[in-house]
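Asker: The lines below spell out each chain.
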Amino acid sequence: MGVLEILIAVFTSICLSILSNFIVLRRYSLIADAFSHIALPGIALSLIFSIDIFWGSLIFLILGALFIYLIEKKTSFYLEAIVGFIFLLSLAIGKIFIKDQELIESLFGNIKGISLNDFILSTLILFFILISILRFKKELILVTLSEDLAANYKIKKHTVDLFLLFMVALAVSLGIKIVGVLLVGSYLIICPLFSSLFAKSFNQLILFSIFFGFLTSILGLIFSINLNFEFGPVLVIVQSLIFLLGFFIKNLL
Amino acid sequence: MLLKVIDLKVVLEGNVILENINFEIEEGERVGVIGPNGGGKTTLLRALTFQIPYEGKIIYKEGIKVVLVPQIKNINKFFPLNVKEFFSLFDMNINDIKNFLSDDIFKKKISNLSEGELQKILILQSIFQKPDLLLLDEPTSFLDPKNKENVFSLLENFYKERQFSVLVVSHDLSFISSFAQRIICLNKNLICDGFLNQITPEVLERLYGYKVGIYKHKH
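Order-wise, the sequence lines are chains L and D.
Counted from 1, the first sequence has number 118 at position 118 by this note's numbering; the numbering is strictly sequential.
When you read off a place in the second sequence, starting at 1, and then add 1000, the result is the number in this note's numbering.
You may find that some hints are simply not true.
As the list claims (entries may be wrong) - The following label-pair restraints were derived from C-beta to C-beta distances: (1) M1092/D <-> F247/L: 31 to 41 Å; (2) N1037/D <-> L252/L: 41 to 51 Å; (3) L197/L <-> E1019/D: 48 to 58 Å; (4) F247/L <-> E1013/D: 36 to 46 Å.
It should be emphasised that the hints constitute simulated quantities derived from the structure, not laboratory data.
All C-beta atoms, glycine included, are put in the ideal place defined by N, C-alpha and C.
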């Protein structure tokens, strides 16, 4: 395990943990978790045409984001169920078209398989997401608080949501390589759960979630190297234990 | 003339919510909108802020600033945004608003505010955008008499300072009758439009479908 793996794990964790706060605020947690599975057919195609699975995942996730945007904007259909349906279909397509060993890697990640290319990508995506969040903080917060209030500033909920999902698509495509389709949700769900326990302001929420994502990634790497387990599952267990500890301290002490 | 609405019609998911709506608002005028639940009051405000599709015409005087103060309910409890951060979203200087609020409120989370506190903060935020037309959606609903009085005097004070126009939607007939100079009755169609003394019990009965009393605040 080299510096490259550590940096990529840290960069990816920062991307996902920042976005996770907005995902939870928009009440998108379950949608985002199921959303990541839309990458599976993309991964299958990438393997068939031997291109980097990042691109296959990204294309399908962006298509998925556009699909969610259209459903939300044009219909009053129950979004969770629609995304759940795509999730099932994607999983079925994945199982049929991806060979078993590669399917396991797609689902649970393989941090040992990453390259210098992945490092460059993760750096670019990290900067893009950081700049976007700083630039569009007001928009993201206002649509969450009240669409009517956002209307005073000509901010449209659906456009903001599409942009958010687009950023999630980028971050998830990175995350899939290291923790896999199934476990990338751990950053999206557990980071904001933890930080919301202690945050007294919005800025604290963001900072605590980054800190949590960063710390658990480092601990996850240390344990996975020393105990010779896969990084993804170790990460989820480390995050869960620290969250439960925080929950206990906050609520029961 | 600040705002002119001509033949406004709003259809949402196949239901006609508003139809044949015609009215004008002059500069500095304070207009109240009353009507039953589902009568289209909030829909009117959403159309006036171009959030929903509509037919007909909504014409504003050029270059004016319209600010909507919405009803905000069910704020996600997960949302830790505090009052200071809320104001800083709009580049507002905390020193300008300190006089209107207690010192301890700035560290409170928006989701933990009482309805009265939240309403006050929303009104302060909107006033500091320097609106030419302020659209208020039920500013006094869920408020106890003391908080109602607070919201009322807050609006009165700002109005004295800077004569902006106000369109206020409310169920609260006593609030409307003390704050507004003119009243529009809305129940899908425009049932009435006139000065306070023209809004007789008969007009109200026609609007709501049953007898309603109207009581005026004493100031």
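Asker: For every hint, state whether the structure bears it out.
Answerer: Verification of the supplied hints:
1. About 36 Å separates the C-beta atoms of M1092/D and F247/L, a value consistent with the hinted range of 31 to 41 Å.
2. N1037/D and L252/L have their C-beta atoms about 44 Å apart, which keeps the hinted 41 to 51 Å range intact.
3. Checked against the hint of 48 to 58 Å, the pair L197/L and E1019/D passes, with Cβ atoms roughly 50 Å apart.
4. In this structure the supplied range 36 to 46 Å holds for F247/L paired with E1013/D, their Cβ-Cβ distance being about 41 Å.
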